[in-house]
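**Student:** Next come the chains, spelled out residue by residue.
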Amino acid sequence: MATSEERELLPTANAAQTWAAVRELAHPHRLTALGGFAVLVAATAIGLLTAPVLGHIIDLVSRSSPAAAITEPVTWLAAIAVGHGVATAIGVSLIAKLGEGMLATLRERFVDRALRLPLDQLERAGSGDLTSRVTGDVSVITNAVRDALPALARSVLTIGLTLVGLAVLDWRFLLVALLAAPIQIHTLRWYAGRAVPLYAAQRVAVGAQQQQLLGTVGGASTVRAFGLGDEHVGLVATRSSAAVDLVLRGARLVTRFYARLNLAEFVGLSAVLVTGFLLVRSGGVSIGTAGAAALYFHSLFTPINIALGLVDDAQAAGAGLARLVGVVGAAAEPAPALASGAAAAVGVRGVGYSYRSGHPVLREVDLDLAAKERVALVGASGAGKTTLAKLIAGIHPPDSGSITVDGPARSVALVTQEVHVFAGPLAEDLRLARPEASDGELAEALDRVGALGWARALPDGLATVVGDGGHRLTAAQAQQLALARLVLADPPVVVLDEATAEAGSAGARALEASAAAAIEGRTALVVAHRLTQAASADHVVLLDQGRVAETGTHDELVRAGGRYATLWAAWSGHRAP
Amino acid sequence: MPINGRDVLRRAVTGQWKQSAAGALLAAGHQTGEALVPVMVGVVIDEAISPGDGGALLLWIAALAVVFAGLSSSYRFSFRAAERASEQAAHRLRIELTERVLEPRGGAETGRLPGELVAVATSDAKRVGAVNVAMAAAVAALAGLLAGGIALLRVSLPLGLLVLLGIPPLLMLAHLLGKPLERRSGAEQERAARASGVAADLIAGLRVLKGIGAENAAVARYRRTSRDALAATLRAARAQAWHDGGMLVLTGLFIAVVALVGGRLAAQGDITVGQLVAAVGLAQFLLSPLSILAWANGEFAQGRASAARIASVLSSPPAVTGGQATPSRPVRGAIALREVSYGALRAVSFEVAPGELLGVVTRDAAVAHALLRVLGRTADPDAGVVELDGAPLTGLDPAELRRAIVVAEHDADLFEGTLLDNITAAIPVTGTPATGTPSASAPPETPAPETAMVAAGADEVAGALPYGLLTPLTERGLSLSGGQRQRVALARALAADPPVLVLHDPTTAVDAATEARIADGVRAARQGRTTIMVVTSPALLAAADRVVFVDGGGPPACGTHAELVEGHETYRATVLT
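Protein sequence lines correspond, in order, to chains Z and E. Read in order, the letters of the first sequence correspond to residues 1 to 577 in UniProt numbering. Read in order, the letters of the second sequence correspond to residues 1 to 577 in UniProt numbering.
It should be emphasised that the hints constitute simulated quantities derived from the structure, not laboratory data. Beta carbons are placed, not taken as given, at the ideal position from N, Cα and C, and that holds for glycine. Keep in mind that the hints are not guaranteed to be accurate.
Derived DEER-like restraints, expressed as beta-carbon distance ranges [what the hints assert, rightly or not]: (1) E:Thr321 <-> Z:Gln211: 44 to 52 angstroms; (2) E:Ser291 <-> Z:Pro336: 56 to 64 angstroms; (3) E:Ala399 <-> Z:Asp538: 49 to 57 angstroms; (4) Z:Gly207 <-> E:Ser315: 23 to 31 angstroms; (5) E:Ala399 <-> Z:Thr12: 19 to 27 angstroms; (6) Z:Ser400 <-> E:Ala231: 50 to 58 angstroms; (7) Z:Ala167 <-> E:Ala220: 53 to 61 angstroms.
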């Protein structure tokens, strides 16, 4: 239960590392990149020929040329239109191929590294950090690559080449057009300084609203049972108002941003018109050229607005990228596949462990599990059961003492009360544990944990899409699924940490039977809160305040009349026989 | 009164009519201003640049400044007004939807997942609100079309007609060009979106994956999904690029035609050079109001679909109907079930005396579930009657009834807020407590919550958290372990201190030692008040005054826990194995 103060967030890359990662991702696509940009530059250049050709038509008209003379430049216009369209399509396709290819590689690497991060590092960071990176940051970058980046590239190219075009008409047009630039640069700075914190606050407020609605609507039956309706409507209203206020503040900011850009447009356009006037009067350029310059500048309005409007998208994408690259660059432990096969013995010798120094959770724990032995670990909450389970499963290394497994490198599997049904067909979920498993093996595993009945009864049997967005399994079914995965993974040693806890009392008994079947033939440590699980174990270990307080068979401990006997009496009801 | 989508949509606009109308009016001003800019450029060329008239130049630049000031400020205020209307309409709908979901008679969740309802309250409410923005934009686009059209017709009747009549078929062509793309890209984008969904899902199940050593299998699966998504995205992006390219060709050709006709007219002296420039500029400009209209049309269509979804939630039939009466005060707490049939309950009868601590055991979880529903009146029995102090529940107002009977379900939710907030949430702060001892209405500071906390073992939960009772619970209490969550929920139910409390499996994830303490705590805390525990835990049942065993049809077996364990074989099997 780490609070945010205690959390060590996952690493974030610095600017140099991020650029290095981008260059590295782009490297295999460098021909596409070169080709794409070259074609896009050509496309933009072709498109910009429209204005001078129109200028030429204006000149023809003002020189009182015959009407037939118009036809030739117009065919040019048509050719430009076709060339512009085709080249743009090719250029944009190539850029999409580049961006999407890089994005796909990045997200694959991210998932690869994320799944291999050491669990204790993840626990220190909190699961929210990784989840927000894989949902929030990936989608921000995806949107940037898909929409913002191509639009930005095209706008910037258009702006750049239009300015070149202005210079070709007459260098003085370019000079005065740049009068708008200081206003735009200032506006952009002004905006970015306000927009970044405002949008961050907005995302937080919208997230809080979403969270409140999920809590209130998801917990509607609890709200009704306790008569908390008015209070919850009030909470939703408060969160919603806060979000609305921030959205409206954002709207005000955006409108002020564009108002300032309007000023830049006016200044630039007037300057170009005045320059045209002066140059035409001095005979420096024709009326057609002055008209073309004005049209050029007018056609800059849209791309400039697009480009400046996308700057904060680009910033957000950059920040997200740094967070993704941070994880991709992080050291990950190599993940050998879980060993499968014959049961192995486990020895725990003098193990001590503390999450915070000075607060030992386990002290001098000794424990032996012979091959195929089933040991139940019992004790009050906070006695250290789960910590010991994690240590044996290899999630944390012990601070002192040693844990030895008499088998191959990674032979301990851990199933906890945390269940997750992977979105997709049920069979695919099971195959995560053994990718090459045949349909028969899947059915066998389900059958062993007593889940084949309901699995076959699902709308599409084992092909039914389950999990998020699919068919919803009950908590007990989800836990049986976890046990079926365990059967398929077939590990030598199993640690079950209250793997039957979440399922109401009626379901718990069925789950216990499933769990017993799943660990049959393996060495197993079962953290039990229902003492029936302890009663049927080969051996019971009672932990108290981080130490082994009692150990023996169920009958021995009950006869001994110690703490376990008291617990058993309490559990089975004082007056029970 | 059933509500349909049209009502929802109408109210969203009429409810905000001032802002909405102001937005539309000002937006019309903005579009007109935008239409005037190319016209003004043409005028400057004709009046100032061609004749070389410096005075006219100053005059018309000043006029251009007025146009810019007007278009800029009307954009600014129109966008704000429309945005305000949109956000406020969405906010109101959100509140209305929350009220409907939480309405004591229930029924809104029937057949809908919480996520769906949240999506209705967020995305759909937003879409309906956004109709205000779309409407302002549509009015503005019509105004822009009108202004541009008049300006063009004034330049030249044939040229104006060419542009005005040419644009609709052009857009129709564009629409046709886009149609198949839209269909295909929808499906392909969905496949692309799945890649990020799968990644988030794998990360969410990370611990489960690590527990069974399935990292490599998961990475391999993700890579396949990602490559699949990449191929789909690239197909969609290519189609999009060619569509956009096609649009560029179409508009380019259109401009060429306008230039051809306009150029010939100018060459014949029918129009001036400046008018030619203005006509070309207007032809380009007019494409944008028309595409705004097309966009607004799409927004309206989506708004209609969203409004229909909202209406269907708002008008969903209540789960229980009838009953206006208030339970008579003071509530004694006598409960009677007479021949009650509902779901898995078959003609079940039993009585609970005021102040009794009764255990109810069922073999089938569905029976327990049905029992809880009729006791809390979230459903009415199909046959038979449930009585509180001799009054049938069907005659009582559900909200009033739940002040007298609180059903604390096994999977009750916790909410955002501190641990203490959650525990004290249901303590009646004002008014007479339903028990009928007037002045005893306890403010949350009195010892009541402490007693409840100790009884439920929640004091230990607080002790284990970094900030004790003031620790904030996140994600609906998911930051706590299952056992901790159950104890907090139980403390909340005990602190609410209703005349009748129904507890469902409150300790399934709690260790045996704590459970025994909780059994004693519940007994002490509920002294003198009716309590029904629907459980199979021997520790809790041993603490009950009497136990009723409901197993299928027939009169339920009755006695103390010890008597039933002794004399009832099925009971013993249900409870003790």
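**Student:** I'd like to know which numbered hints this structure contradicts. Please list them from smallest to largest.
**Tutor:** 1, 5
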